[in-house]
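Input sequences plus hints: build the corresponding full structure.
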Amino acid sequence: MLRRYQNESMILLALLLLIAALLYKNYYATRLQRGSLKATETIAKIEDVATMKKLWEKSSSVPQKLHGIKTYLPAIKIKTLQIEKKKAQLLLEGLNGNELNRITGKFIASIPVQITEMLIRRDGPYYRLELRCKW
Amino acid sequence: MLTPQFYIFKKEPLPVSYQYQAVRLAPSILDELTGAGSYSYVAIKEDEGWILIAYDMEKIESFLEERGLSKNFINKIYFAQQAKEHFTYPISVDEKNALVAVDDTVVMLPKSIVGAEEYGSLTHAFRPEKGITPTQGRHSWINQKQTIIVSLLLLLLAIGYGIEGLRYQNAIASVEQKIDSVKQRYPKLKLNSTYVLNNLYESKYAIDSLQRRIRERLKEISRLTSKASKIDTLKINTKQYEATISTDRQHIAELKTYAKSQRLRVLDSNSSLQLKGAL
Chain Y
160 MLRRYQNESM ILLALLLLIA ALLYKNYYAT RLQRGSLKAT ETIAKIEDVA TMKKLWEKSS
220 SVPQKLHGIK TYLPAIKIKT LQIEKKKAQL LLEGLNGNEL NRITGKFIAS IPVQITEMLI
280 RRDGPYYRLE LRCKW
Chain U
196 MLTPQFYIFK KEPLPVSYQY QAVRLAPSIL DELTGAGSYS YVAIKEDEGW ILIAYDMEKI
256 ESFLEERGLS KNFINKIYFA QQAKEHFTYP ISVDEKNALV AVDDTVVMLP KSIVGAEEYG
316 SLTHAFRPEK GITPTQGRHS WINQKQTIIV SLLLLLLAIG YGIEGLRYQN AIASVEQKID
376 SVKQRYPKLK LNSTYVLNNL YESKYAIDSL QRRIRERLKE ISRLTSKASK IDTLKINTKQ
436 YEATISTDRQ HIAELKTYAK SQRLRVLDSN SSLQLKGAL
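So the sequences go chain by chain: Y and U. For the first sequence, the numbering used here begins at 160 and goes up steadily by one. For the second sequence, the numbering used here begins at 196 and goes up steadily by one.
Be a bit skeptical, because a hint or two may be false.
[Stated by the list, open to error] Calculated Cβ distances over 10 Å to all of chain U for the following chain Y residues:
id : residue
1  : N166
2  : V221
3  : P222
4  : Y231
5  : I237
6  : T239
7  : Q241
8  : I242
9  : K245
10 : L250
11 : E252
12 : G253
13 : E258
14 : A268
[As the list claims (entries may be wrong)] Not close to chain U: a few residues of chain Y, all C-beta gaps over 10 Å, as computed:
id : residue
15 : S219
16 : T230
17 : P233
18 : A234
19 : K246
[Claimed, not checked] Coverage of chain Y stretches by chain U, computed from C-beta distances (three or more under 8 Å per stretch; other residues unrestricted):
id : region
20 : 204–214
21 : 271–284
Treat the hints as calculated values from the structure; they're not laboratory data. Cβ coordinates follow ideal geometry from the N, Cα and C atoms, glycine included.
What follows is the structure in structure tokens.
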């Protein structure tokens, strides 16, 4: 039978080979497409994790940076600067408007700490600021 | 194995080295011997030249079919001349005729002329190395030439797809290598699996986005302060923010609009601006 339709058999065989090659190509094309997307996502995640870890867990320089508050304010206004392990508590009193803006803006932006709580209360022209943070 | 009545042959010392060259010359050499018919040619190399054979395949096939032998069940056909060295004794063809080799030529003679007492029969030892194949695909819808062209085209396409697939396969490996090389850049992260990476990412992202939101809210509330408006209280923690900003009646509507534009939730804005919302 196969010999009787040898020409057709040959074409059929070539066609089957073509289909197999097409399936093979499509399988790896899809895998590559998915793989590339996943790789881009994974690489971005790795970079992000590394950046975030560096940003929020660079513990060694935080205490030093917290002590930098002394360059922003006279010592009399720093009522508490307590640093324990990887936590800190800061209490400032008698701040004027400019000093408050500098502390909440520039100072806090420069220290990579996780703010857990911040309280500001005005008493006449002066402000009281309480900050709890960790890293 | 075909007896001599199905083919015409001639020995020629042709000055050619290859079989295809001898086959090309065969029609002109055998022209005088062949009559009307559609002949095909075979050339067999011998020590002293070439044996050129002309045969009419249609004639052979119709003879085989007359005898009930379908060409579809015949793999190879050989010429008796090809096995001349094995004809050391007469081979019986039918009741009357026998094949014998006379002067290196296999001929069919009547048994009455051969006069042998015993006749042999064809065995596998007679089978030459090469034979001819009956024309294929008489029942096919397409001829052999078309088959070869179509098959070649399909094969070429298949090879193309195969190469493309292989390229994709290699590209996948390089993508994986790229991920590995990025992982190696950060050995301290210890990213042994996707699960570890995802967990690490989620925990770090949660911290990062929360701290960014806290700082953004702080900045937005700071923008509401001026000479005319001051923070009375501000409380911000990891869950919510709460602030009271005092100002005069002239500025309160303006502040309220600005606070809303900054996506701050305004609770009350009668005597002072009260803000409270989740982070």
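Hint check:
1. Listed as a non-interface residue, Y/N166 fails to keep its Cβ farther than 10 Å from every Cβ of chain U; the least gap is roughly 4 Å.
2. No beta-carbon of chain U comes within 10 Å of the beta-carbon of Y/V221; the shortest separation is about 13 Å.
3. Consistency note on Y/P222: stated as away from chain U, and its beta-carbon is indeed over 10 Å from all of that chain's, at 18 Å minimum.
4. Non-interface call for Y/Y231 relative to chain U: holds, since the shortest CB-CB distance, roughly 16 Å, exceeds 10 Å.
5. For Y/I237, the non-interface assignment is confirmed: its Cβ lies about 19 Å from the closest Cβ of chain U, beyond the 10 Å cut-off.
6. Against the 10 Å criterion, Y/T239 stays outside the reach of chain U, whose nearest CB is about 18 Å from its own CB.
7. In this structure Y/Q241 is separated from chain U by more than 10 Å, as the shortest Cβ-Cβ distance comes to about 18 Å.
8. Interface exclusion of Y/I242 from chain U stands, the closest Cβ pair being 19 Å apart, more than 10 Å.
9. Its beta-carbon lying about 13 Å from the closest one in chain U, Y/K245 satisfies the requirement of being farther than 10 Å from that chain.
10. With a closest Cβ-Cβ approach of about 15 Å to chain U, Y/L250 is found to remain outside the 10 Å limit, as its non-interface label requires.
11. Every CB of chain U lies more than 10 Å from the CB of Y/E252, the least distance being 15 Å, so the non-interface label holds.
12. Look at Y/G253: its CB is around 15 Å from the nearest CB on chain U, clear of 10 Å, so calling it non-interface holds up.
13. Every C-beta of chain U lies more than 10 Å from that of Y/E258, the closest at about 13 Å, which supports listing it as non-interface.
14. Its closest Cβ contact with chain U, about 7 Å, brings Y/A268 to no more than 10 Å, contrary to its assignment away from the interface.
15. At roughly 14 Å from the closest C-beta of chain U, the C-beta of Y/S219 stays outside 10 Å, upholding its exclusion from the interface.
16. Listed as outside the interface, Y/T230 is consistent with that label: its C-beta sits roughly 20 Å from the nearest C-beta of chain U, beyond the 10 Å cut-off.
17. With a minimum CB-CB distance of about 21 Å to chain U, Y/P233 clears the 10 Å threshold, and the non-interface call stands.
18. Consistency note on Y/A234: stated as away from chain U, and its beta-carbon is indeed over 10 Å from all of that chain's, at 24 Å minimum.
19. In this structure Y/K246 is separated from chain U by more than 10 Å, as the shortest Cβ-Cβ distance comes to about 14 Å.
20. With 9 residues carrying a beta carbon less than 8 Å from a beta carbon of chain U, the region 204–214 of chain Y meets the three-residue requirement, and the given coverage holds.
21. Proximity of the region 271–284 of chain Y to chain U, defined as three or more residues with a beta carbon under 8 Å from a beta carbon of that chain, is established by the 9 residues found.
The structure shown violates the earlier hints numbered 1, 14.
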